[in-house]
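Number of protein chains: 2
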Amino acid sequence: MATTGTDLSRMREMNQLSIVWALRGNPPSTVTELAGRTGLSRPAVDVLVQALVTDGWAAVEEPGAKSVVGRPARRYRFRADAGHALGIDIGVHKILVMLSDLEGNLVRTVRRPADPEADPAARLATVDETVDELLAAAGMTESDIWGLTVGVTGPVDASGRTSLFTPLPGWSTADPAGHLAGRFRCPIQVENDCKLAAVAERWKGVAQDADDIVYLLAGIRTGAGLILDGTLRRGHGGAAGEIGALKAVRWLDAPGHLAACPGVPASARPGEAAAWVFQAAREGNREAKTAVRRYTRDLAVGVAALVLALDPEIVVLGGGFSRSADIILDPLHRELTKHCLRLPELRTSTLGDESVALGGLRLALDDIDDRMLSAELAAPRAPRG
Amino acid sequence: MATTGTDLSRMREMNQLSIVWALRGNPPSTVTELAGRTGLSRPAVDVLVQALVTDGWAAVEEPGAKSVVGRPARRYRFRADAGHALGIDIGVHKILVMLSDLEGNLVRTVRRPADPEADPAARLATVDETVDELLAAAGMTESDIWGLTVGVTGPVDASGRTSLFTPLPGWSTADPAGHLAGRFRCPIQVENDCKLAAVAERWKGVAQDADDIVYLLAGIRTGAGLILDGTLRRGHGGAAGEIGALKAVRWLDAPGHLAACPGVPASARPGEAAAWVFQAAREGNREAKTAVRRYTRDLAVGVAALVLALDPEIVVLGGGFSRSADIILDPLHRELTKHCLRLPELRTSTLGDESVALGGLRLALDDIDDRMLSAELAAPRAPRG
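Protein sequence lines, in the order shown, are assigned to chains H and B.
Each residue of the first sequence is one higher than the one before, counting from 1 in the UniProt record's numbering.
Each residue of the second sequence is one higher than the one before, counting from 1 in the UniProt record's numbering.
If we strip away everything but chain H, and leave its shape as in the complex, we get (with noise of 0.2 Å):
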């Protein structure tokens, strides 16, 4: 069997990659573990891990006292921190950072309050103080960052922008890709909100073991993101999990039947009174417990749409108003039964309101290995950077 030079290249190129990948998400390794793991031979591994170590990819472990014959096998090690990764949740109510390193591992978290009024400039010069209080604290600068996400609320269309509907005010010009591009030089993605919890939720939440499923935003908005075969649905333009919009899903009405309810005071804000609800309903108020039951036929309209289209293995029931979740799933199984053909297992989001900040870093996670498969593995620093 002839081998060409191309062969030899391409060859060349995976072997890399395989020590890369029996690198990571191991404990330090030797030469002849690296081998075993691999398929390739001694010699040719100690060469190009050399490569890697020389590269910044891989760090050499010292020597621990283990092996009592000889000297001790040198052992290596992926340098997870040899890059990060950044998910920023600019909300409605709150500017939410998270740090990781390249393998996923938090690194740092910081929070700052948000003005609902606020409007673009206002909302992005808080997400520009937040991210240096980060930087600053983890003793970094942009140059560090390889890759970064920015969840908004409202379907993200091709130019990172929601054109199509956004409920923060004047945001659906608001161009966040472009004024952080002002400063880091990593590629920047920008996601909807629902879709990026839905991405947490398979990563460190309650669907790890799922591949197909339907993530639902119950609170004062009601959304929806999903993942299906593995792979998070983002729609031909951005737009999918917008089931919401459809007036005979009922969702824009649904969170009324809680603000609506008897007896929820006069100065609560929609949170508020929401939680007052659920918590009356939850000592026994006959007018709470309704308003409860009406929201979540309404909430299960749009579930049920979701589940009959899609035919999903898991819902997970997320959004502020998934504290709640103990006398919201019942009904809303209830309810599912009515419509659906077959119901999927019902979970409840145990990620509270990290989960968008965290899917951003997922996604950011994503991208820098998908540039770390194609041509970029020889250079590990942050891509055009």
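Any given hint could be a false lead.
No distinction is drawn between identical chains; accordingly, a pair holds when it is met within one copy or between any pair of copies.
With a Cα cut of at most 30 Å, we get these calculated DSS-like pairs of lysine-lysine [as the list claims (entries may be wrong)]: (1) LYS94 x LYS338; (2) LYS247 x LYS204; (3) LYS289 x LYS204; (4) LYS338 x LYS247; (5) LYS338 x LYS289.
Derived from the structure by calculation, the hints contain no laboratory data.
Please build the complex by placing chain B on the supplied structure of chain H, with the hints as guidance.
Chain B alone, transformed into the frame defined by chain H:
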């Protein structure tokens, strides 16, 4: 760079496959041409292609007279007729069986009418007779068939049955795969008719250029099949696309507007009634136009639910009513504009009532290809045969 034994064995398999793929879909090729296409050396190609001829995957073409200097080079072609596939549409009113070679070239089609009220045993007997007629006409036996797919109406569960729902009398416990396994030894797939029609549109229909497709079956029944990221969406339990089960979507009521149109001949069967209404609307009949408007209004709710959930590139209008697309498409487009954030392109199917059997052929061919790509290349015979 050392190359281990495992690498070499994998490489031999890969190289055999690359010869097969370099032969397929190309005119008869010389060893030199194959070497150019695959990047392998001429001597290596010579050895590999001889083995493929011996095994029955490739055939030698007699040299033509084109080479004017010296002996013309031998040419090899992929033996597309080494095996065949069947697509079987078990419809309410007809049984349609299509036969193709391994490259999807249609060899023969046989169709027989079916009694809508026939029980499963009678319907499967008609399937057998139709298959008998086709095999006899093609001069083949069951062992010439390497893969087959059966299309049925209703979502198909993991056992190949339509246990959740089907309009075919008695069919919810019928086992078409089990029945056909009595005569065919190749793998047998059972799939929902709308799903197969969607596959056919991407293979040979109006959606060949798209990866994200909602196929709409518009006829006496209304249904949908989804292609997402180029892959048929089956759903976790085989029930994707069943949005019509949701009452808020009004698909169950939609065709009734046509049947209820004043002036429809009392003797007309449902399909004839619809055709009468479409023709009357075409001629300007005001009541018929109202009926069509009501029909498309209800049809649009379900289409909008799928478009909002998935944000596809294309919606294909198929099914019996697609013959009247000239008067359905415009009002459907207007209704969708009201509901959707962004509109996909609307196209009309041109495959007629062969789309289900065609989609079945495609799935059977995909299955054969998958088996070829795994361990079975070295033995070019019907798997399990």
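Checked hints:
1. LYS94 x LYS338: neither (37 Å within a copy, 33 Å between copies)
2. LYS247 x LYS204: The answer is neither: 33 Å in one copy and 36 Å across copies each exceed 30 Å.
3. LYS289 x LYS204: Answer is neither; intra-copy 33 Å and inter-copy 54 Å both fail.
4. LYS338 x LYS247: This pair counts as both: shortest intra-copy Cα distance 20 Å, inter-copy 10 Å.
5. LYS338 x LYS289: within (19 Å within a copy, 35 Å between copies)
When held up to the earlier numbered hints, the structure conflicts with 1, 2, 3 and fits the remainder.
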